[in-house]
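A.B. asks: So the chains spell out like this:
2 protein chains.
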Amino acid sequence: MDRQRLIQQIKSKNSYLCVGLDTDHAKIPVHLQSRPDAIIAFNKAIIDATKDHCVSYKINTAFYEAMGLKGWAAMEETVHYIPDTHFKIADAKRGDIGNTSTQYAKAFFETLPFDAITVAPYMGSDSVRPFLEYADKWTIVLGLTSNTGAKDFELQKTGDEYLYEKVLRTVAGWGNPANLMFVVGATQASAFENIRRILPEHFFLVPGVGAQGGSLKDISEKAMNADCGLLVNASRAVIYASEKEDFAEEAGAIARQYQFEMGQYL
Amino acid sequence: MDRQRLIQQIKSKNSYLCVGLDTDHAKIPVHLQSRPDAIIAFNKAIIDATKDHCVSYKINTAFYEAMGLKGWAAMEETVHYIPDTHFKIADAKRGDIGNTSTQYAKAFFETLPFDAITVAPYMGSDSVRPFLEYADKWTIVLGLTSNTGAKDFELQKTGDEYLYEKVLRTVAGWGNPANLMFVVGATQASAFENIRRILPEHFFLVPGVGAQGGSLKDISEKAMNADCGLLVNASRAVIYASEKEDFAEEAGAIARQYQFEMGQYL
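Sequence order for the protein chains is A and B. Counting with our numbering, you get residues 1 to 266 for the letters of the first sequence. Counting with our numbering, you get residues 267 to 532 for the letters of the second sequence.
Do not take every clue at face value.
[Said to hold, decoys possible] Straight-line C-alpha distance at most 20 Å; calculated EDC-like pairs for lysine to aspartate or glutamate:
{"#": "1", "chain 1": "A", "residue 1": "K70", "chain 2": "B", "residue 2": "E343"}
{"#": "2", "chain 1": "B", "residue 1": "K336", "chain 2": "A", "residue 2": "E261"}
{"#": "3", "chain 1": "A", "residue 1": "K27", "chain 2": "B", "residue 2": "E376"}
{"#": "4", "chain 1": "A", "residue 1": "K137", "chain 2": "A", "residue 2": "E110"}
{"#": "5", "chain 1": "B", "residue 1": "K293", "chain 2": "A", "residue 2": "E76"}
Calculated directly from the structure, the hints in this document are not laboratory data. All values reported here derive from a predicted model rather than from experimental measurement.
Looking at chain A on its own, in the form it has when it is part of the complex (with noise of 0.2 Å):
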């Protein structure tokens, strides 16, 4: 998916919302556990009652492949479902030397139809890069993440700069605002209106809404630019709504409740 055709998904539905598919067994509907199909099931239910409320879903590869080839297939019947105007993103947080850079990049452009994948920059330009080959892909970097350990490196400093600052800086060079993004945490509201500095233009994934307490007011107040340039995620808060039969339903009302808001920002 090209940049005109996110931002246009974005004004036609009044809406920057991504959700998570973050699906873990153990917290799905009791009533869904012991189906063969839970996983997929579940997603499916969670992807119809969502999708007239986001633009963008964004698959935790974590979760898939800690239940073992099972998950992973459930990732690829996943992401297969999810609707083509919807941007797909594999939350996958890779990163290596060029030729395994080259191969992950395969795995999730070429052999699974995801448009975005989450890149770890500590290994750098060469690691990156890979991605960046693929004509209407996205490469969404690390910037400063949601977590307590943003602390360790993301936010010490490297001569005048946060590290962070410098990974923004850099890989910004490698690419464009059209095949680049940045991971940029809901936690860091006070570091958003520095970071939108840096990047006038690219969109940030925004992750760290809902269980992690980020303000979707702040953010949108100090990081929107003309063409939104925000997706804002929410993964847990979205769809573990409801334990019960109504899941579907709760996750759809959290969803347009965060699509309601947005639209005031926008």
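Chain A is already provided as a structure; the job is to place chain B on it using the hints.
C.D. replies: Below, chain B alone, put in the same frame as chain A:
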């Protein structure tokens, strides 16, 4: 596998060789490519031919993910085929917020029987700690890697030290030399004495010998400690030693050469 057993394996075999199973369908011998079980047939033949000369196998997950579901199945079958005497590394470069890293740990330490996983440090403590909670399992954190991109961030100064030095010192405090190793690329030989001073006791996983040009002699002279403290990985140089029907025999011969050379340094 605990540290004592790993050291015992190294001493009994006179080898600290890790064979990297970066198995790429396009690079395996032509006579195998048309077989439906091409990848697993290749891996089994390589393991049979090399197991007397190495103490460890490293499965590069990217190459298996690139093949989709059948690739993940081949990875599962391969890790189960590796003898229990050998240290099994998932070279996966994972790392995410705590609840997600917990899922990755489950994927590779519970669902699959790996002894170790490689982890990227960028997101800090809570992205690494879930892996450290498993008894007799190992977390191998990226320190200074073998690729050209290492200069972009790893070799940037944070205060008085390089970022990679801060990573080594900081992460070392989260575990101990019996559950934590670091990746240090063989092409970084000039830094090895310094790294060994920072971490006198830890094991280093050293990729970059062979196709990437690192010198086994240099590394061994500069970084070996009383317990050996090294696992040196060769992937392409061993597994693609021949593209003909004698591929396994030739892989075994190269592995035996490494073992012989390692015997001189031990």
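A.B. asks: Where does the structure disagree with the numbered hints, that is, which hint numbers, in rising order?
C.D. replies: As far as the earlier hints go, 2 and 5 are violated by this structure, in ascending order.
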